[in-house]
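Visitor: Sequence:
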Amino acid sequence: MMSDTAPNEKDGQTVGSRLRLAREKKGLSLEDAARVTRISKGYLDALEEGNYSRLPSDAYARGFLRAYAQFLGIEAQIVPGLYPGGVPSPSQSETLKLTAGECRDTTMSWGSKRWVFVLLAGGCVLCAAAVLFFRFHGRAIEKKKENSLVVPPVMTSASSSQQPKSEVPPEKVGLRFTPPEASDIPPVPLVSREKGIVLKMKALEDGYLVVTIDDMVSQQYDLRAGDVIEWKAERVFSLDLDNAGGVEAELNGKLLKPFGAKGASAHVMLKAGPESDETAP
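Following our numbering, the numbering of the sequence shown begins with 1166 at its first residue and continues without gaps.
FYI, nobody ran anything at the bench for these hints, they're computed from the structure.
Keep in mind that the hints are not guaranteed to be accurate.
Label-pair ranges, simulated between beta-carbon atoms [unchecked claim]:
1) 1427 <-> 1289: 47 to 57 Å
2) 1294 <-> 1222: 47 to 57 Å
3) 1300 <-> 1238: 15 to 25 Å
4) 1280 <-> 1422: 11 to 21 Å
5) 1201 <-> 1401: 41 to 51 Å
6) 1384 <-> 1200: 15 to 25 Å
7) 1203 <-> 1293: 14 to 24 Å
8) 1297 <-> 1196: 33 to 43 Å
Beta carbons: idealized from backbone N, C-alpha and C, even for Gly.
Please work from the sequences and hints to get the whole structure.
Guide: This is the structure in structure tokens:
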């Protein structure tokens, strides 16, 4: 296994060529690898070509490279040293050697990782839902308290000592309502509209998308043409796309300009206000 996957400086193979040879050796196509690893075909092709500029960031590049190498059976320890600017892999003398009796399988199957990812994503969604529920529920209670304030009317009784006797029969003499002066009524504060921004996106072509809401919750999507997704945030959306021209987006009902060319990756920040989008390649 070490001879197949360890870097060989004499043959001049790059990490991309090793990935391609390992995939072809297994008889897999890029579509097959993308379907199993949940990494888009465009990103896998960029890894095999060594074109890391097509990836959203260095962190995504290292993560995708490690996951793809593990799927193809390449030792994950040598991958960071092959990536430009990555951390070199430890030498063999620094590698922990386990005997047969102490060795245990620490690799997780891809199916198990998918379940772990699903559970983590579900937990994040539940936490975000709980935070939003308690936040908006508290605002609703405050609004009810403000709306429940009622100004009591000022009631004065007719005094026989201050006014002459009236000829009105006793059964018709009662309390008289005196409306309060305008200055006595406290102004009712205006209830501001609930803040927030809504992003609606339609996939025109297949692609891969990572959405981060208010710098707290991140969600990943494998977009298919025709998919329509809507999110709500309080301040900002952060988008990472591998096919910037393959989507159409609206922010608070306003159609946004394209994020980039078809097939190109982009990093986009969407905020509330007139200057709402910042696009980076």
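Visitor: Taking the hints in turn, state whether each one holds.
Guide: Hint-by-hint comparison with the structure:
{"no.": "1", "hint": "1427 <-> 1289: 47 to 57 Å", "result": "31 Å, violated"}
{"no.": "2", "hint": "1294 <-> 1222: 47 to 57 Å", "result": "28 Å, violated"}
{"no.": "3", "hint": "1300 <-> 1238: 15 to 25 Å", "result": "47 Å, violated"}
{"no.": "4", "hint": "1280 <-> 1422: 11 to 21 Å", "result": "39 Å, violated"}
{"no.": "5", "hint": "1201 <-> 1401: 41 to 51 Å", "result": "33 Å, violated"}
{"no.": "6", "hint": "1384 <-> 1200: 15 to 25 Å", "result": "20 Å, holds"}
{"no.": "7", "hint": "1203 <-> 1293: 14 to 24 Å", "result": "22 Å, holds"}
{"no.": "8", "hint": "1297 <-> 1196: 33 to 43 Å", "result": "38 Å, holds"}
The earlier numbered hints that this structure contradicts are 1, 2, 3, 4, 5.
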